[in-house]
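Work out the full structure, taking the sequences as your base and the hints as a guide.
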Amino acid sequence: MAIVLHTPEVDGLGAAVKALREWQSDDAPTQLHPGDVGWFWRFGAAATAAALRTWSRDGRVLAVGLLDGPALLRLTVAPDARLDEELAWRLVQDLKGGVLPAGKVFVEVPPGVLVRELLFQDGWHDDEPWTPLRLDLATPVRDPGVRIEVVGPGQAHLWSLVLRASFDRSTFTDERWQAMATGSPFADARCLVAFDEQGDAVAVATVWSAGTGKPGVLEPVGVHRDQRGRGYGRGITLAAAAALRDLGSSSAVVCTPSANVGAVATYASAGFERLPERLDLSRGLWGPTAS
Numbered sequence: 001m002a003i004v005l006h007t008p009e010v011d012g013l014g015a016a017v018k019a020l021r022e023w024q025s026d027d028a029p030t031q032l033h034p035g036d037v038g039w040f041w042r043f044g045a046a047a048t049a050a051a052l053r054t055w056s057r058d059g060r061v062l063a064v065g066l067l068d069g070p071a072l073l074r075l076t077v078a079p080d081a082r083l084d085e086e087l088a089w090r091l092v093q094d095l096k097g098g099v100l101p102a103g104k105v106f107v108e109v110p111p112g113v114l115v116r117e118l119l120f121q122d123g124w125h126d127d128e129p130w131t132p133l134r135l136d137l138a139t140p141v142r143d144p145g146v147r148i149e150v151v152g153p154g155q156a157h158l159w160s161l162v163l164r165a166s167f168d169r170s171t172f173t174d175e176r177w178q179a180m181a182t183g184s185p186f187a188d189a190r191c192l193v194a195f196d197e198q199g200d201a202v203a204v205a206t207v208w209s210a211g212t213g214k215p216g217v218l219e220p221v222g223v224h225r226d227q228r229g230r231g232y233g234r235g236i237t238l239a240a241a242a243a244l245r246d247l248g249s250s251s252a253v254v255c256t257p258s259a260n261v262g263a264v265a266t267y268a269s270a271g272f273e274r275l276p277e278r279l280d281l282s283r284g285l286w287g288p289t290a291s
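Numbering (full-length UniProt numbering), first residue to last: 1 to 291.
Incorrect hints may have been included.
Claimed, not checked - Each pair of labels, with its calculated beta carbon distance range:
1. Asp122 with Gly229: 28 to 34 Å
2. Asp200 with Asp27: 40 to 46 Å
3. Gln121 with Val261: 32 to 38 Å
4. Pro79 with Asp127: 30 to 36 Å
Just so you know, the hints here were simulated from the structure itself, not pulled from any lab data. Glycine included, each C-beta is placed from N, C-alpha and C at the ideal position.
Here's what the structure looks like:
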């Protein structure tokens, strides 16, 4: 059977999320996670469906890509299809054929997947380095040292406020929290907020489980810009890891640009182990109009 590229409808999002859940493993490299789709869901179900691409053979999903912005495709492949030549060549051709626009574009793909090697052969090159970090959750997580609450709809405004104060260009709103909470991945997610001794909210995080015995992810994690350097980043990270353990996750994973040395140091201070750096791939000219 031929491989079919598909952009799912809203009612077809479940198949892509289900595949991503099944592919998560502590033995696999850090890869696109159902929580990444859940976090994108803040833009609404229709936008999430429009941003997803799936590649299937005989009705089975073999690869999932998320257009996390107009020029970045975050791509992962089923464990038993990582070296599938037909799939790899089809992915290369579809990236040429319009999945990504013309101009400089980027692809995130795990190491050990054949399509990565073929993209190098086709003129792609290494780009921004990222540092994945992992915490094993076989044993209890140490106390975060700050008061933590799980956020529901009634506190969405507080969570949103702290997130906006954590990232200079954040456009997050209460409405986006509500949209995110309607997504199917949110059933296995928790939004957390940390408070200082005066009762002010100082840090936030969302954790996403992929199911019992599978790695969960932290996305996003933020500390209010006026509260940095006081240990709240470590505190919210520990609380996030503990929440994932309560959800049955085998490990907690986070990935941050290597250039963000403060974030890397914060996660390391919470006991997360640094894994080998990951490199995005990029190409300067790409798409239907590229020569």
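Outcome of the hint check:
| no. | hint | in the structure |
| --- | --- | --- |
| 1 | Asp122 with Gly229: 28 to 34 Å | 45 Å, violated |
| 2 | Asp200 with Asp27: 40 to 46 Å | 42 Å, holds |
| 3 | Gln121 with Val261: 32 to 38 Å | 33 Å, holds |
| 4 | Pro79 with Asp127: 30 to 36 Å | 25 Å, violated |
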